[in-house]
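Visitor: So the protein sequences, as listed, match chains R and P. Going by my numbering, the first sequence opens with residue 2, and the numbers climb by one from there. Going by my numbering, the second sequence opens with residue 1427, and the numbers climb by one from there.
A couple of the hints might just be wrong.
As the list claims (entries may be wrong) - The calculated lysine-lysine pairs, modelled on PhoX-like cross-linking and capped at a C-alpha distance of 25 Å, are:
#1 Lys1607/P <-> Lys176/R
#2 Lys1601/P <-> Lys1631/P
#3 Lys281/R <-> Lys1749/P
#4 Lys320/R <-> Lys1601/P
Bear in mind the hints are in silico, worked out from the structure with no lab data behind them. All values derive from a computational prediction rather than experimental measurement.
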Amino acid sequence: MRYLPHSDHERAEMLGVIGASDIDALFSAVPKSALKNFELDLPDHSPEFLVEAHMRALANQNHAAGDGPFFVGAGAYRHHVPATVDHLIQRSEWLTAYTPYQPEISQGTLQMLFEFQTQVAKITGMDVANASLYDGSTGTAEAVLMARRLTRRNKVVLSGGLHPHYRDVVRAYLKDDPHLECLSPSPEGQGDILDHIDADTAAIVIQTPDFYGHLRNVEAAAKAAHDQGALLIVVITEVVSLGLLEAPGALGADIVVAEGQSIGNALNFGGPYLGLMATKKEFIRQMPGRLCGETVDADGNRGFVLTLSTREQHIRREKATSNICTNSGLCALAFSIHMGLLGEAGFVRLARLNHFNAIRLANALDGVPGVTVLNKTFFNEMTIRVTQPATALVERLAQRGILAGVPASRLLPGDPEVENLIILAATELTTEGDIAALCAALTEELA
Amino acid sequence: MSMNTQGRPTGVGTAGTSASGSALLPDEPLLFEIGDNEHSGVDLPDVDLATDRLGGFARKSKLDLAGLTEPEAMRHYVRLSRLNHSIDSGMYPLGSCTMKHNPRLNEKMARLPGFADIHPLQPVSTVQGALELMNQLSHWLMTLTNTAAVALSPKAGAHGELLGMMAIKAAQEAKGEAHRKIVLVPESAHGTNPATAAFLGYSVKPIPARDDGTVDVQAVKNALSSDVAAIMLTNPNTCGLFEPQVIEIAQAVHDAGAFFYCDGANFNAIMGVVRPGDLGIDAMHINLHKTFSTPHGGGGPGAGPVVLSEALAPFAPVPFVRKGKDGLEMVEHIEGEALGRVTAFHGQMGMYVRALTYMLSHGADGLAQAAEDAVLNANYVKAKLEHLFSVPFPDYPTMHEALFDDSFLKGTDISTLDFAKALIDEGFHPMTMYFPLVVHGAMLIEPTESESKQTLDHFCEVMAELANDAKAGNKERFTGAPMKAPRRRLDETRAARQPILKWERPADLPKAAE
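For reference, chain P alone in the conformation it holds in the complex:
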């Protein structure tokens, strides 16, 4: 077994060669290569189970779990963490993902025992503060969107979409219009939109984008019929543009007896500035982990509350909070039209605490300022780079994202992917690539309101220098990138063709690292 510079085993049982790390950025072996089934980092008494109540179902098969003592665990996870880019360590210009600053007050508040150490099924008389928190969060969300109701429980944006579309389906059925089987989805939509519609048995009818990147009300009108249940429209859209005809589109959709589901992934661009309810939406999910700064955590947990118009409010799922004679009540069962329950318990309380903390910190004035700064930053990046990059939709000012296509790379033999990977060597996370699909080789940049002018200037200098270098023909800098990251490009084809999805004990290592 080879050792890295820290004397720790590397490359055990791997397909690859040995250490590629350095003293300050070490490779870290797998948990199963450093731990074994005797070590433990938790002291627990070993009780005498002379009799048990397991009815003969006791475990006979082996667990074979690796354990680490506390100092070993600390080192393993700290070392691993250092192989990650994070918003705290550098800019994350990921369009559509909204990587903004995550305030630590939010984390501190979510850990108060009165929020973290309460059970969803303890008597409601003992959790009145939690119900009041849900009430206050609901008030903020409904006020910011000018809507009639909110369902807090969805676990993430896509789950909120599902709930919103379930409510629309239930409302259509209640109207006796269950035959409406089509959902209109613009081609620029997030993949979750068509996936959600299909999940509920709808057939998806794509709406093409206009040459200017927005949806044409006439195209929507042409697609509408008595078979259409809803439109799913993102606004601001995934090209970073506000849909200028959104009110006319809502009107046309309603006139045809359909509902308007708005994908609220980009609400952070307009919070406190535009209320989606004023535009005619019927349902919209709000990603608390984008707009209201709850951390992305390497891929969740998210939270996706859905605001609902008056027409859809009766179809909200349980649970919800209401005022009763002895304080606040939690309604957990309801007969009739409601769609039921989309998750056990009450949703992402830990995220509610963080989001409300963020809202109270900003206030209405600060949220509007944050939206304006997000839009200002995206337009600043666009203005500084548009002479070198290619802007597919120059007709409108952009909202919170700057979108470029790959025509500026024509003739260089460098792809969007290559260009983005080169950003890694300059200390930045790549921008969102190849999305939205309506733009060739798309590069979608969302600085968010959290980046200073100084950081934006540096980012634009790096982008400009890379663009010039690409045009000058320095291809290797791009196709070979990244050179300075913990890993160079990974072989994704191999990963998919011969999936290795868990660690298997190698034949020459009968017990892990003993």
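Here chain R stands alone, though its shape is the one from the complex:
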């Protein structure tokens, strides 16, 4: 077996040093009835080329996003990742390092996290960011719990524009909690949350661009929340939008949660992704997740360490702010490298290009008989209403090689209001040819 260094001769020699008659003697604490008393319905070891052939055969059964026109978004976005990013994150020193609990020999990871936290704080316009969470959805649930700890209030209101999966994750985390209020889906972008804030409200959660692509008024939401002593949590599933849209921190957000996948990370069928969380300075001691901070070493040289760990489970156990331990370190590295390559100039150009292509897409869709674009405002994603059920239509388009977007009913099954809605995204990778192919196919299918 190519991954195991011992020869049988060495194993015997080592057993001799231990003073064990055979390997089973080392498993003597295992009840006899449970030790090797089975045959496993699994194959034996396999050479590298056969494993590769097996995996390639599975991969080949999938239609990759790059295989044709592609407009799928709704919380995960296909962007170009520079070759440099993937090369660098595969360096042994990044890929095969452990969590940087021993700072003297982990300064690479720690300095990167410090840079990452700075980047996230800057794009969100917040004071501080943590060193990442699992993804945007779990980050949203963590933010809700954090807001409750901060306000010592219970009621939480989720906007109808919040991604339905994110809503479901918050529901699971707060199972059966009577203080959780989830507003009805709002595909037209209708604002509804301001009437639901009262003196018991810990936080309201809004998403912008929302699940349907509409841009929401963060400033008005912040004011309404703060008037009642509640916190505003802003969720962003398309982080590229921050290159063009005002930072939530500048508009009064208290906690910002984002899915960071768009920068540096591939679609990966849903994971691993990257949860970003940023907040105000006064709230850091209730923030979940790892934090990296600057300090000096015994010689007075600048260095970095994980800090404020008295919030965390390995110190506080049942009194911790969260049970989170492992986060998304390598995805944060990919994000940070890609953001470092983009810089301010590149990040803004990337956002402009996304918006430009989305305007093109919206204008083209407007010209297709049977299609209505619902959005007045959007960044790179929009919702259309078509004249027939969306799921079957999207399936037929897929058979033509066009991945035309997400039927809203996939995430909101059984809701007749959304049965004919499709959510479509454009990115810098969307070409005029892709848009023309989509519109031609839609015209035929809807005729």
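Since the structure of chain R is already known, use the hints to place chain P on it.
Guide: Chain P only, in chain R's frame:
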């Protein structure tokens, strides 16, 4: 501004002095000290946005992000990387963390466009290979554990714990036993266990360890009552010992109407050799980044699928894969008892690909051999060092970890921390320290199956030499360690008292390094 030997700025805006690096191990300034907001390493066309659809929400505040061209970025991140220890460059004897070899075939497979470039919400008819991969991974996990179901979606071990305990909570409620508010957790448990239980509103009742480092079935029986929802037990436990009474404990827990959550962090010691389902577990998370070699990546991403017994299977979350009339289906919504969804989308697909690649490479025979070699290596280290170090629990052979306490350092004025830091100067990552909490000054060593006998011999020689030197009174070698690392000991108190969590532009540097 001072320059290091590479002509790059160092120590800009720092509290410290200038360069401490050398030509081959240079200090690296921060991204914000070498980049500025004009440079970029990505060529993108600047489009004409004569009209926009932003509805007046366009950005007015400054971004102030630093950019680097491609050669600058390459150098920045390569230099930074060299300040890290990694499993590829040296042994990482971290108990409980399982730093084993990360095969590169796994990385290659995870990057196939058919896995990396597919969207979680594209039609399931276009991702049948991905669903089949999830099916095959599920088969391996259920077969290796002899369990009835598996929920793949948790993002890491602690997230899996949360899901498993949510399923237990839902099952208790379905039985009309929502009044059960206590979870039993042995004192030797990982911190995530009590944190998870508390997160779900349970009160945690600690179970003391016996003098031999294992959990006493009688202590569990004494703690059980009609108010107990579950026990969270790690097996093999955090002292590196297999719980000899685990079957009796499971029986007692079930007899009391409670469930058995097993923390599977140490499954790598028994995969292919013992099936946890045969021991009576109801739920167990499996850290794919420990047991099945997906890389730790400097702190994640992990993956924590949870296997479930028949009693808990109905409470599994969405999504899951099942066979339908037109091939495989993805069940994304379910009415009734299930606990719902614990993450957007389908979980850590990139880790599923790597883990299945590892499983297929090893096969059932290779996985069992890997577990046996991990146990052999830990016992070898223990046998070579027990005459110099102190073994707190000598009654049982150890499993995949060798545990020592700090009594061998008595009178030397050298702490476990000092001793571990001295290992850095000898080229090794420190072992896990001060965990488990039940052992004074614990040193927990997990070599994993990836280390050769030659490396283990060298490690043991170094450990023995350090122990002898400590006993001989050469204190400075330990209290001053590390001397040869990129940094000496960091002031953690200062970091926590005056937190500096992001870079701020210094007053004397109006634009970064322009």
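Visitor: Under the constraints set out in the numbered hints, which ones does this structure not fulfil?
Guide: Hint check: 3, 4 fail, others pass.
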